[in-house]
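Colleague: Sequence:
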Amino acid sequence: MSVRKFATMVILVDFPNGGKEKAGTYVLLTHRAAKMKKHANEISVPGGAVESGESLEEAALREVEEEIGLRGEYLKVWGELPPILFRNSSGVTTPFVSSLTDCPTSTSLCSKLILQEDEVQGVFLVSLSELLDQRRFTSFRMNAPLRDGLPFFYKLPVFVVENVIPLIPSSTEERAPKRRVIWGITAITLNEALNCIFPQ
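Using numbering that gives the first Met the number 0, the letters of the sequence shown correspond one by one to residues 0 to 199.
Hints are computed from structural coordinates only; laboratory data are not their basis.
Any given hint could turn out to be false.
[Said to hold, decoys possible] Straight-line Cα separation of at most 27 Å, DSS-like style, residue types lysine-lysine; simulated pairs: (1) 75 to 36; (2) 111 to 21; (3) 154 to 37; (4) 154 to 21; (5) 111 to 75; (6) 34 to 111; (7) 4 to 36; (8) 154 to 111; (9) 4 to 75; (10) 75 to 34.
Could you put the whole structure together from the sequences, leaning on the hints where they help?
Modeller: Right, here's the structure in full:
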């Protein structure tokens, strides 16, 4: 069985002076469109399938621009995280970590965003400090029997965040719960990024 390759981008945004937004470093996340065939309405980082002839990093940068309109010239790529295998082994995604340059306020960042509405319905920020707060982190155990029938268990991270900064509110923003649950591949990706940036 062939394994499809995907690439994603964790984008860090630093607001040094505060103001409308509290000074600090944030992670940019997207709210997937409701009409997506897969992962509809889920929280994610920008990313998608790798096309023929492009590198993983090129794919991640292209997907960022296609999904939210943010051009690669505004991103400084820090590096590549370990690849993450999909639960059904049908694909593998390689996350990259980058920082946004020349955007000192959320207003200046919003001016650079253009959503691909077929894929993304909203964009928001979550502070690193909240993601690092152990009270916002939990995990759950997955039962995944192997093909030979033997039981196999593994834990997956889950982030529960309450304070977000909507950059482009989704159509359901008014009805959206204040508490956002980040799970699945996105939570694994954020957990890997945090462990890399803050190894202790």
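Colleague: Next, verify each hint and record whether it holds.
Modeller: Hints and how they fare:
Between the alpha carbons of residue 75 and residue 36 the distance comes to roughly 31 Å, so the proposed pair goes past 27 Å and is violated. Taking the CA atoms of residue 111 and residue 21, the gap is near 20 Å; set against the 27 Å cutoff, the hint holds. Distance check on the hinted pair: residue 154 and residue 37 sit about 23 Å apart at the alpha-carbon level, within 27 Å; holds. Taken as a hint, the residue 154 and residue 21 pair is broken in the structure, with Cα atoms around 33 Å apart against an allowance of 27 Å.
With a C-alpha separation of about 15 Å, the suggested pairing of residue 111 with residue 75 holds against the 27 Å cut-off. Simply put, residue 34 and residue 111 have alpha-carbon atoms about 24 Å apart, close enough for the 27 Å limit, and the pair holds. For a cut-off of 27 Å, the pair hint linking residue 4 to residue 36 stands: about 19 Å separates their Cα positions. Using a Cα cut-off of 27 Å, the hinted pair residue 154 and residue 111 is violated, with the two alpha carbons roughly 37 Å apart.
In summary, the hint linking residue 4 to residue 75 is supported, as the alpha carbons are separated by about 22 Å, within the 27 Å threshold. The suggested pairing of residue 75 with residue 34 is violated, with an alpha-carbon distance near 32 Å, which exceeds 27 Å.
Hint check: violations occur at hints 1, 4, 8 and 10; the rest are consistent with the structure.
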